[in-house]
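*Asks:* The primary structure of each chain is shown beneath.
2 protein chains.
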Amino acid sequence: MLIPMPALLFVGEANDRAAKTAHGIHYWRPNQCVGVLRLANGSAKLPLREMTISETAACGARSMIIGVANTGGFIPESWTATIIAALEAGLDVAAGLHDKLNDKPLLRETATRHGRRLFDVRHPDAASIKIATARKRSGKRLLTVGTDCSVGKMYTALAIEKELRHRGVAADFRATGQTGIFIAGSGICVDAVVSDFVAGAAEMLSPDNTPEHWDLVEGQGSLFHPAYAGVTLGLIHGSQPDALVVCHDATRKRIDDYEDYELPSIKEVIELSVLTARRTNPAARAVGIAVNTSKLSAHAATVYVAAVEKELGLPCTDPVRFGVASIVDRLLG
Amino acid sequence: MLIPMPALLFVGEANDRAAKTAHGIHYWRPNQCVGVLRLANGSAKLPLREMTISETAACGARSMIIGVANTGGFIPESWTATIIAALEAGLDVAAGLHDKLNDKPLLRETATRHGRRLFDVRHPDAASIKIATARKRSGKRLLTVGTDCSVGKMYTALAIEKELRHRGVAADFRATGQTGIFIAGSGICVDAVVSDFVAGAAEMLSPDNTPEHWDLVEGQGSLFHPAYAGVTLGLIHGSQPDALVVCHDATRKRIDDYEDYELPSIKEVIELSVLTARRTNPAARAVGIAVNTSKLSAHAATVYVAAVEKELGLPCTDPVRFGVASIVDRLLG
Numbered sequence: 052m053l054i055p056m057p058a059l060l061f062v063g064e065a066n067d068r069a070a071k072t073a074h075g076i077h078y079w080r081p082n083q084c085v086g087v088l089r090l091a092n093g094s095a096k097l098p099l100r101e102m103t104i105s106e107t108a109a110c111g112a113r114s115m116i117i118g119v120a121n122t123g124g125f126i127p128e129s130w131t132a133t134i135i136a137a138l139e140a141g142l143d144v145a146a147g148l149h150d151k152l153n154d155k156p157l158l159r160e161t162a163t164r165h166g167r168r169l170f171d172v173r174h175p176d177a178a179s180i181k182i183a184t185a186r187k188r189s190g191k192r193l194l195t196v197g198t199d200c201s202v203g204k205m206y207t208a209l210a211i212e213k214e215l216r217h218r219g220v221a222a223d224f225r226a227t228g229q230t231g232i233f234i235a236g237s238g239i240c241v242d243a244v245v246s247d248f249v250a251g252a253a254e255m256l257s258p259d260n261t262p263e264h265w266d267l268v269e270g271q272g273s274l275f276h277p278a279y280a281g282v283t284l285g286l287i288h289g290s291q292p293d294a295l296v297v298c299h300d301a302t303r304k305r306i307d308d309y310e311d312y313e314l315p316s317i318k319e320v321i322e323l324s325v326l327t328a329r330r331t332n333p334a335a336r337a338v339g340i341a342v343n344t345s346k347l348s349a350h351a352a353t354v355y356v357a358a359v360e361k362e363l364g365l366p367c368t369d370p371v372r373f374g375v376a377s378i379v380d381r382l383l384g
Numbered sequence: 052m053l054i055p056m057p058a059l060l061f062v063g064e065a066n067d068r069a070a071k072t073a074h075g076i077h078y079w080r081p082n083q084c085v086g087v088l089r090l091a092n093g094s095a096k097l098p099l100r101e102m103t104i105s106e107t108a109a110c111g112a113r114s115m116i117i118g119v120a121n122t123g124g125f126i127p128e129s130w131t132a133t134i135i136a137a138l139e140a141g142l143d144v145a146a147g148l149h150d151k152l153n154d155k156p157l158l159r160e161t162a163t164r165h166g167r168r169l170f171d172v173r174h175p176d177a178a179s180i181k182i183a184t185a186r187k188r189s190g191k192r193l194l195t196v197g198t199d200c201s202v203g204k205m206y207t208a209l210a211i212e213k214e215l216r217h218r219g220v221a222a223d224f225r226a227t228g229q230t231g232i233f234i235a236g237s238g239i240c241v242d243a244v245v246s247d248f249v250a251g252a253a254e255m256l257s258p259d260n261t262p263e264h265w266d267l268v269e270g271q272g273s274l275f276h277p278a279y280a281g282v283t284l285g286l287i288h289g290s291q292p293d294a295l296v297v298c299h300d301a302t303r304k305r306i307d308d309y310e311d312y313e314l315p316s317i318k319e320v321i322e323l324s325v326l327t328a329r330r331t332n333p334a335a336r337a338v339g340i341a342v343n344t345s346k347l348s349a350h351a352a353t354v355y356v357a358a359v360e361k362e363l364g365l366p367c368t369d370p371v372r373f374g375v376a377s378i379v380d381r382l383l384g
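Chains Y and W are the protein sequences, given in the same order.
Heads up, the first sequence is in the numbering used here, so the first residue is 52 and it goes up one at a time.
Heads up, the second sequence is in the numbering used here, so the first residue is 52 and it goes up one at a time.
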């Protein structure tokens, strides 16, 4: 799967929170976004030109991406006319929702008639994913892991890709979730893969490469997450990471949506991640800690990352506030 | 899903190895098996009366179970006539293969016409499985874990169920693989569940129960298996085991089919299993070790289990040779 770019971002009736997929795509790939299309009740604000379908062709758009993550992951009727218009205007259409574009007969017929494609990125092509071979691959890999979900694993992997490329090091972000897939243009939603195949999917995502090439694999979940840890462990084993970066939210105390569960310490996550990663790559090591400090003052954030760095002996940074140079120094050092 | 019993076991052209599902069902539920049906080239030998479809009704059979695990998990054309005859004779038909009975239009139409059901036990009803809540449940649970796949996790769980019931303790085996599901009459193939839902499936399998009731949950894979460890971790978290029994093959040195990977030690499996289990059940503890010593002499087996018992301070037994009384003593002690 390779979604043709550049793209028009469709945000429907979403607010900024629900349009987080569109925001992520725009933040990381601004040059791949020609504009935004909002429906009448939408409130999402993106710093992009608002555009109708008929205007997009002149701007070179090749696809329309549905940049919405709504509760339940459904495709409302109110979007149908816009999706059909996009197909008729020569755009492919991509979504990362639980509902599939390809399950809507009207959309499928319209796409076929116009020779266009519908991408449902949350739904991996099961037939193409194999059981992991666990064979050691060439090239290098970094995987982001975390104390919880939604602590910056995608952002950190992308920031490290950017920093490595800036330093002239060959590097590719490897997407494992819907927003990441839209940003990279390809990838596999590993949490939607049948459980026997998660490590195999991670192997497919980061194939053999040149010796000095880095894959930056987007992590998912947490080894300490009571619902999703299996996904994380399969991803760790299949990615065979040489390097691990632990992501954390400075002010979170409990697992999101699982109030009975304390957040693990960063140290616990380092220890268990390295232990399990060494099963498929004995050279695995932690190279840094990425903390979301957005709820702290600038001063408190500085104090926080310095304290973690001192306690754990690894570079610690907030990638948004301070960049990831210190982690990349350690990675290449 | 509840497969109506008793059943006729269909083994097609299988040899004894491929008919291991039928052997497992017969071993554990002899009273639920009315007979065996073999096709012309079959060589599987079961100590059951050979029977044609027309004879089964008089014996009270309510279903025909396809007791074969062939390579690729396909349903050959040569079985079609027998499956149709079974449906016409009033039997439901159940299979645990990768191919689905329900995907064969001729079989589906025949089943519908005769008001019969087709069970594909390897394919969980995705819509019914929820994300894990991680809420603490009432009742007690034991999970078998292992140094590898195929080291006796199902056998051990069933042997402990039998021993507990023999002692008057309420206990239920909870099946997580195809043979186990046929033996129990219900269950979920957790390795066929979408990865996000594995812990949720384990929760469904062992729901709230009376305080002294034991669920004996069939383990899958190994935390140290380079391809399947994610399934194991999801099962550990979702099962919330109070007790863990580690299963092992006394003569295996390498992970089956993964020659580059050394088998972990029993001690490593105990430590990582207890550590991860305590995330959702802080009371989790190891209560015993079950070893397959079938390739050792009786004397060597006795020496082996005594040595492991001494080294690790836990009851160690070969469930087939010596039973599981020592493990159950520890469990209830």
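Treat the hints as calculated values from the structure; they're not laboratory data.
Honestly, I wouldn't trust all of these hints.
Since the list gives no way to pick one copy over another, a pair counts as held whenever it fits inside one copy or between any two copies.
[To be verified] Below, computed lysine to aspartate or glutamate pairings styled on EDC-like, alpha-carbon distance capped at 20 angstroms:
| id | residue 1 | residue 2 |
| --- | --- | --- |
| 1 | Lys213 | Glu362 |
| 2 | Lys304 | Asp67 |
| 3 | Lys181 | Asp307 |
| 4 | Lys151 | Asp176 |
*Asks:* Against this structure, judge whether each hint is valid.
*Replies:* We went through each hint and held it up to the structure:
For the identical chains of this complex, Lys213 and Glu362 are neighbours neither inside a copy (28 angstroms) nor across copies (51 angstroms), given an alpha-carbon limit of 20 angstroms. When the C-alpha separation of Lys304 and Asp67 is checked against a cutoff of 20 angstroms, the pair qualifies neither within a copy, at 25 angstroms, nor between copies, at 55 angstroms. When the C-alpha separation of Lys181 and Asp307 is checked against a cutoff of 20 angstroms, the pair qualifies only between copies, where the shortest distance is 17 angstroms, while the shortest distance within a copy is 32 angstroms. Taking the shortest alpha-carbon separations for Lys151 and Asp176, both the intra-copy value of 13 angstroms and the inter-copy value of 18 angstroms come in at or below 20 angstroms.
When each numbered hint is compared with the structure, violations occur for hints 1 and 2.
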